[in-house]
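S.K.: Letter by letter, the chains look like this.
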Amino acid sequence: MSSNTNTEIKEIFFQIFPDSNESNFDWKKKQNEYENWDSFVQLNLITMLEEKFDISISDDDSINIQSAEDALNFVMSNK
Amino acid sequence: MNTIIEDFKNNVKDYPEKPVLIFGDEIISYKRLDELINSLSISLSNLKKGSIISIFLENSVDYVVSYLGILNAGMIAHLIPTNLSDEKIIQQLNNANPDLIISSNSLIDKIKNIRYDCKKVITSELICNESVMNDYELAENDISYLIYTSGTTGEPKGVPITHANVNFTTRNIINELDYNSSDINILPLPLSHSFGLGCLHASLSVGSTLVLLKNAGNTMNILESIKKNNATTLAVVPLTLNKILKEHENIYSDYIGNLRLIMTNSTSIPVDTVKNYRTVLKNGKIATYYGLTEASRSTFMIFDQLGREESVGKPPHGIEIRIKSESSNELESGEILIKGKNVINHYWKNEQEDKIIDGWIHTGDIGHKDADGYLYLDGRLDGLINIAGEKVMAEEIEKVVRVLTGVEDIVVVGMKNEMFGQIIKAFVKKSINNEITKSEILSYCIKNLESFKVPREIEFIKDFPRNEFGKIQRFRLE
Chain V
0 MSSNTNTEIK EIFFQIFPDS NESNFDWKKK QNEYENWDSF VQLNLITMLE EKFDISISDD
60 DSINIQSAED ALNFVMSNK
Chain L
0 MNTIIEDFKN NVKDYPEKPV LIFGDEIISY KRLDELINSL SISLSNLKKG SIISIFLENS
60 VDYVVSYLGI LNAGMIAHLI PTNLSDEKII QQLNNANPDL IISSNSLIDK IKNIRYDCKK
120 VITSELICNE SVMNDYELAE NDISYLIYTS GTTGEPKGVP ITHANVNFTT RNIINELDYN
180 SSDINILPLP LSHSFGLGCL HASLSVGSTL VLLKNAGNTM NILESIKKNN ATTLAVVPLT
240 LNKILKEHEN IYSDYIGNLR LIMTNSTSIP VDTVKNYRTV LKNGKIATYY GLTEASRSTF
300 MIFDQLGREE SVGKPPHGIE IRIKSESSNE LESGEILIKG KNVINHYWKN EQEDKIIDGW
360 IHTGDIGHKD ADGYLYLDGR LDGLINIAGE KVMAEEIEKV VRVLTGVEDI VVVGMKNEMF
420 GQIIKAFVKK SINNEITKSE ILSYCIKNLE SFKVPREIEF IKDFPRNEFG KIQRFRLE
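Heads up: the sequence lines are chains V and L, in that order. So the first sequence is residues 0 to 78, counted in numbering that gives the first Met the number 0. So the second sequence is residues 0 to 477, counted in numbering that gives the first Met the number 0.
The hints are simulated quantities; they were obtained by calculation from the structure and are not laboratory data. Just so we're clear, the structure is a prediction, and the values are computed from it rather than from any experiment. Note that CB positions come from ideal geometry on N, CA and C, so glycine has one too. Do not take every clue at face value.
Claimed, not checked - Using C-beta positions, here's what the derived DEER-type ranges look like: (1) L:G49 x V:S55: 48 to 56 Å; (2) L:S181 x V:I54: 46 to 54 Å; (3) V:N5 x L:N249: 29 to 37 Å; (4) L:N1 x V:N5: 56 to 64 Å; (5) V:I54 x L:R114: 24 to 32 Å; (6) L:G363 x V:K27: 30 to 38 Å; (7) L:K348 x V:S57: 41 to 49 Å; (8) V:E34 x L:E417: 33 to 41 Å.
Claimed, not checked - Here are the simulated DSSO-like pairs of lysine-lysine, each with C-alpha atoms no more than 30 Å apart in a straight line: (9) V:K9 x L:K424; (10) L:K245 x V:K51; (11) L:K338 x L:K368; (12) L:K338 x V:K78; (13) V:K51 x L:K368.
Bound conformation, chain L alone (with noise of 0.2 Å):
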C-alpha cells in the first residue's frame, strides 16, 4: 500500500519541474512543494510520531504544505473548517487534543482568542532550513487525517482516517473518473471537507496539477480559471453547478464545453441540471457520488445516458452497500449499509460504536436501489438537514434558539430547495405574552450560528403537533 505522500514522492521523481498546485499567482512544482513539505516536517521533529495537529487556514499553499507536512513527518492533520462557531472549535480541539494548531496571518488572532491551551502558530513560522528529519514508517492502520462531523446529538464526533482508507478511496477514485497526469483540475472546495481533500489526493497521486481556488464564492472566477488553465475536470458541489447555470446562462457553454470532466457530489442535483451540462460538454462527462467522511466515495455515478439523473450510481470494486428494510426487498426504501476499506474502523475514542457493525456502517441514511443496482437516496433517518453539502443536525440550531428569551420551542425541519438541495425552515412557538419578531429571531441566529445553520424561513405556530403521549411529530412539519 502506497500513502498519498508516497504517490506525491514518486511523481517528484517523475515530474520535478511540473507544477503541482496553482493559487492565484503562486505556481508550486512538485519538487518546490516537496521541499517545503520536508521543510515542514522537520520542524516538527520535536513531536512524537502520532501527534495531532490543527489545521485552521482558508485554502491556500500554506494549508497544502501544512497538511502534508504533517503527515510526512507521521503525524495526524485535525482539519478545522473555517466557518465554524468558536464554540464548535472548542469542542474540536477539546475532544482532538491537539500539540499545535497551524494557522494563518488573517486567521491567527480568531484561533488564538479561543480558550484552548497549546502552541498556535502561522505555517511559515514552521518553514526552516535544516535537511535532516526523523524517517517515519507508517502503518495501513495509521491515522492519516481527523474530520469532525455532526453526530446525532449534534455534538460533533472525530471521523478518523487511516492510510489505508485514503489510499482505498483515491484508487477509487482515479479508476473510476480516469485521473490522469495530463489533467489539470479546478477545485474551489474547501479542503476541511473529504469531498476537497479527495480531489487533492487524486491529483497528487496521478502527477496532475491542482488549481486551487479560495472558494466557490465567485462563480466568474470558476470559469475564468477553467479557461486560463486549459482545466480539464472541475469539482463542485451542486449549488455552484445552478449558480453558474443561473449567473451565467449565456456564456457558461464558452467556458465548460472542453472539460472532461464535471464531478460533483451527493446532495440533490436537479434533473435539469445535469442534462444542461450533458448538452454543453462535448465529450466530457458530468458526475457525481455518494459517501460519508466516513465512508468515502462509496458510489459513483457518471451520467453518460438517459433515464438514472436522480441515482447517486453503483458502488466500486471492494465496497458493497445493502438496504436494511423489513421487507429485506432493496428495491424498497431502507436503511443504507456500507460496507468495504473506505469505511473507518471506529469514531474517535470509540464514540458511537454501535454505527458500525461487523464492518458495516449504518449511514442513517434512507435509499433504495433499482433493479440493475443502482442507488437512489429518499431521505434521512434522523433531524439531519443537508444544505448544499453541509450536515446539520436540526436539534443542534434548536438548542441554540431555544435559549432565546421569547421562544418557548422550536423546531427546525429541512424543507425541499432546488438551488441548496435543502434549506432549514423553523416553526417558533412563541413564550406568552413576548412578541419576539423574525428579524429579531434571525438576527440572534446569524450572531450565534454558521451562516449554513441560519433558518431560510421561519414561522410562528401556536403548537407543535403531538402524538398521543405528547412527543412532537416532526415529519408532520416536514
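So that you can see chain V by itself, here it is in the shape it has in the complex (with noise of 0.2 Å):
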C-alpha cells in the first residue's frame, strides 16, 4: 500500500505543481519553497488528498500539511 500511496500522491503534486516532475521532485520540499502554493492551492491539494484516499482533513490537520511528506505522513496513519 506504501508504494501505491507514495506514487498517488506524487501524482496529485504534479498536477497541482504542474513544473513538478520525477526528476525535481522533493519529498520535504517545504511549501513557501513552491512558486504557487497559496490558500486555494492548498485547498485543491487537500479536496484531492481527500477524494482520493478517501479521508477528511479538518482545517487544523490541513495547516500541518506542507510538504508532500506530511502529506504522506497524514495519509498513512489516516488511511
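Take the two lone chains and join them into the complex the hints point to.
M.R.: Right under this line is the structure:
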C-alpha cells in the first residue's frame, strides 16, 4: 500500500504543481519553497487527498500539511 | 485634482532619501523610485498618450516601477493577475488590445506562449539612461488603469478607472483610516487587485513606507515583516487573518499588538476573528470596507464598538448608497446601489451599460441597512461566488466542466465557509452509463481552471431541482 500511496501522492503533486516532475520532485520541499502554493492551492491539495484516499482533513490538520512528506504521513496514519 | 503621480512627486521633494518601498532586501528611496519611473516612462515615449500597456508581473519592485512609469507617461496600465488561466489572459488581451506587455524573467515565457501579437518585454529592458521625456498633461477623466472582473456570464468585463476615481478613493482611504507619512505599511496583497492597489496609492500619497510582500502564503513571513520593520499597518484579506489566528494562536499577539491599523475587506469575517484581533491590538483598530472594482471603497467600517461586527460600515462623504427593494424600506434586503466619484463612468468599450444608470451602479449585491445607516451584506442576485475576495461566476466553472466526457450537466453554488467566506460546491449529473469519478472531475478542474475556481466539494446528483418550466432552481441547492 505504501508504494501505491507514494505514487498517488506524487501524481497529485504533479497535477497541482505542473512544473514538478519525477526528476525535481522532493518529498521534503516545503510549502514556502513552491512558487505558487497559496491558500487556494492548499485547498485543492486537501480536496484531492480527501477524494483520492477517502479521508477527511480538518482545517487544523490541513495547516500542518506543508510538504509532500506531510501529506504522505497524514494519509498513512489516517487511511 | 492631484493624480497619484503628482502626489508621489510632491513626496519625492519632501522625503527624497526616505524609503518608499521595501521588498525583501531591496530598499528603494522616494528619489530612486522617481528615477526608475522616469526612466521607464522615457522608454515608452515612442507610444502615444493613452496607449494601453499590460502588466503581467507578481508583486515586486518592478511591478511598482512599471505601473507608475506607465501612468507617468500618460498611458493606461492594464493589470493582469498572474494566477489567470491562459484562456482568460487571451480574452483580456483581445479585449484590452495593449501595445506592449511588461513581464518578468520568471513569467515572460508564459506570456510569450500566449497567442496575442505585440511586443513583450521584461521591466529591466525599459530602464534607460536618457533624461528627456514627453510632458503629458493628465485630465481628470483620463484612464489610469484597467482591471477585468467577472461579468454576469463569466466573460471578463473591463473596468477603466480614471485618475479622478483614484484621487477620490485615495483621499477617502487616507481620511477614514488616518494614513500619514509616519506609517510603515505591510502589504502582502496582489497589486493586480483593487484592494492592494488602493493601499499602494494611499502609501505613496501620504509619503509613507510600503513593505511589499510577494504574497500572503507564508503567514510567519507576514508576522516577521511587521516586527522587523516596526510596521504600523497591515492590509490582508479575512482568510489571512483567520490563518494567522489558526497557525500562530499563541504568538501572533506579540507581533501585531503594536499595529495601529489592520485593514481587511468585505468578504465575510467571522465575528470571533474581529473580537480576537480587537482584544490583541493594544491601541490599534481593525477595519474593513465594502466596494467593487467599479466602485472602490464605498463604505468603511472601523470595529471600535461592540455589536456591529457583521456590518461593512457607512459610506464616506461624497458617496451615496441606496437599497433597491419592493418595499423601499432600506432596513429590508434589496440590491445595493452606489453613486459617487468612486464609481466608474462606464465599462470598457461601453459594455454592460445597463449596470450604471444616472450615475448609480447596480452592484448585484444584496444588503440592508440598520436604523443608524450601517450597511450589511446579505448575498448576491446572481450566481457570483466570493472565495476569499476572488469573485467567480458559477456559470464560468459550469461551462468548463460541462464539456468533460461523463458529465451530463453541472450546477455550481457557493457554500458558506469560516476560513474562505465561501467555497465552491459542484452538483454533477453523470452521463448515462458513465462512471466518471470525483477525482477525475477534480483533476480536470485543476488542469483547466484557476486554483480558486476548483470545487471544494463534488456531489453526484440524479437530477437537479427544477421549476414547472424545467428551469434548474439553483437556490434550492445552496
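S.K.: Each hint needs a verdict: does it hold in this structure or not?
M.R.: Each hint, compared with the structure:
Between L:G49 and V:S55 the Cβ separation comes to about 54 Å, which falls inside the hinted range of 48 to 56 Å. In this structure the supplied range 46 to 54 Å holds for L:S181 paired with V:I54, their Cβ-Cβ distance being about 50 Å. A beta carbon spacing of about 34 Å between V:N5 and L:N249 agrees with the range 29 to 37 Å that was offered as a hint. Checked against the hint of 56 to 64 Å, the pair L:N1 and V:N5 passes, with Cβ atoms roughly 60 Å apart.
At roughly 41 Å, the beta-carbon separation of V:I54 and L:R114 lies outside the given 24 to 32 Å, and the hint is violated. The hinted window of 30 to 38 Å between L:G363 and V:K27 is violated, with their beta carbons roughly 46 Å apart. Distance hint for L:K348 and V:S57: a CB-CB separation of about 47 Å, consistent with the stated range 41 to 49 Å. In this structure the hint that V:E34 and L:E417 lie 33 to 41 Å apart at CB is violated, the actual value being about 28 Å.
A hinted pair counts as satisfied when its Cα atoms are at most 30 Å apart, and V:K9 with L:K424 qualifies at roughly 25 Å. For the hint linking L:K245 to V:K51, the alpha-carbon distance of about 26 Å falls within 30 Å, and the restraint holds. Taking the CA atoms of L:K338 and L:K368, the gap is near 16 Å; set against the 30 Å cutoff, the hint holds. Proximity of L:K338 to V:K78 is assessed by CA-CA distance (about 55 Å); at most 30 Å being required, the pair is judged violated.
With a C-alpha separation of about 45 Å, the suggested pairing of V:K51 with L:K368 is violated against the 30 Å cut-off.
In this structure, the hints that do not hold are numbers 5, 6, 8, 12 and 13, in rising order.
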